[in-house]
Amino acid sequence: TCSKHFWTVFRLDIRGSSTEVLLVGVHLKAVPNAPRPCAQREAQARVLSEIVREHGHASFREIIIAGDFNDFDSTNLDISGSMPASSVLQHLTEDLGLVAVSDYLAVADRYTWE
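Each residue of the sequence shown is one higher than the last, beginning at 1 in this note's numbering.
Take the hints with a grain of salt, since some may be wrong.
Pairwise CB distance ranges, derived in the manner of DEER restraints [as the list claims (entries may be wrong)]: (1) Leu77 - Glu20: 31 to 39 Å; (2) Leu12 - Ser80: 30 to 38 Å; (3) Ala30 - Glu50: 17 to 25 Å; (4) Glu20 - Asp103: 36 to 44 Å; (5) Ala30 - Asp109: 22 to 30 Å; (6) Phe60 - Tyr104: 21 to 29 Å; (7) Asp109 - Ser74: 15 to 23 Å; (8) Ala39 - Ala66: 19 to 27 Å; (9) Asp95 - Ala34: 17 to 25 Å.
Just so you know, the hints here were simulated from the structure itself, not pulled from any lab data. Note that this is a predicted model, so its numbers are computed, not measured. Even glycine gets a Cβ: it sits at the ideal position worked out from N, Cα and C.
Hey, can you work out the whole structure from these sequences and the hints?
Structure representation (structure tokens):
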């Protein structure tokens with residue numbers, strides 16, 4: 001389930017321009033390297049994808065997914081070079097066409113819990 005997740009839609013008005021935003025807050029299953037939590041985290045990502053498809057893409061809204069994914073990004077390694085245990089971030093970025101904020105950060109500025 002995604003019981004600890006929150007999503008909302010709001011209107012953002014900046015300098016006369018208005019857009020709707022889908023904001024999704026996440027806290028995915030922890031213990032990144034254990035098989036069962038890893039599978040649970042990937043299932044949670046599938047649920048998140050459905051939320052985005054239903055409430056974001058279908059309505060042409062801007063989309064922000066933020067929170068604790070409890071895994072690493074294989075495309076944008078953190079300062080320690082940590083590798084992901086699941087495909088959660090890859091799934092959310094590639095399958096949904098989203099962009100990771102880490103795309104815009106220098107490696108020296110990418111920190112994780114490790």
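So, going through the hints one by one against the coordinates:
1. Leu77 - Glu20: 31 to 39 Å: 33 Å Cβ-Cβ, so the 31 to 39 Å window holds.
2. Leu12 - Ser80: 30 to 38 Å: Once the Cβ atoms are compared, 34 Å apart, the range 30 to 38 Å for Ser80 and Leu12 holds.
3. Ala30 - Glu50: 17 to 25 Å: 22 Å, holds
4. Glu20 - Asp103: 36 to 44 Å: 23 Å, violated
5. Ala30 - Asp109: 22 to 30 Å: 24 Å, holds
6. Phe60 - Tyr104: 21 to 29 Å: Hint holds: Cβ distance 23 Å, inside 21 to 29 Å.
7. Asp109 - Ser74: 15 to 23 Å: Taking Cβ atoms as reference, Asp109 and Ser74 lie about 18 Å apart, which means the hint holds.
8. Ala39 - Ala66: 19 to 27 Å: 23 Å, holds
9. Asp95 - Ala34: 17 to 25 Å: 24 Å, holds
Of the numbered hints stated above, the single one contradicted by the structure is hint 4.
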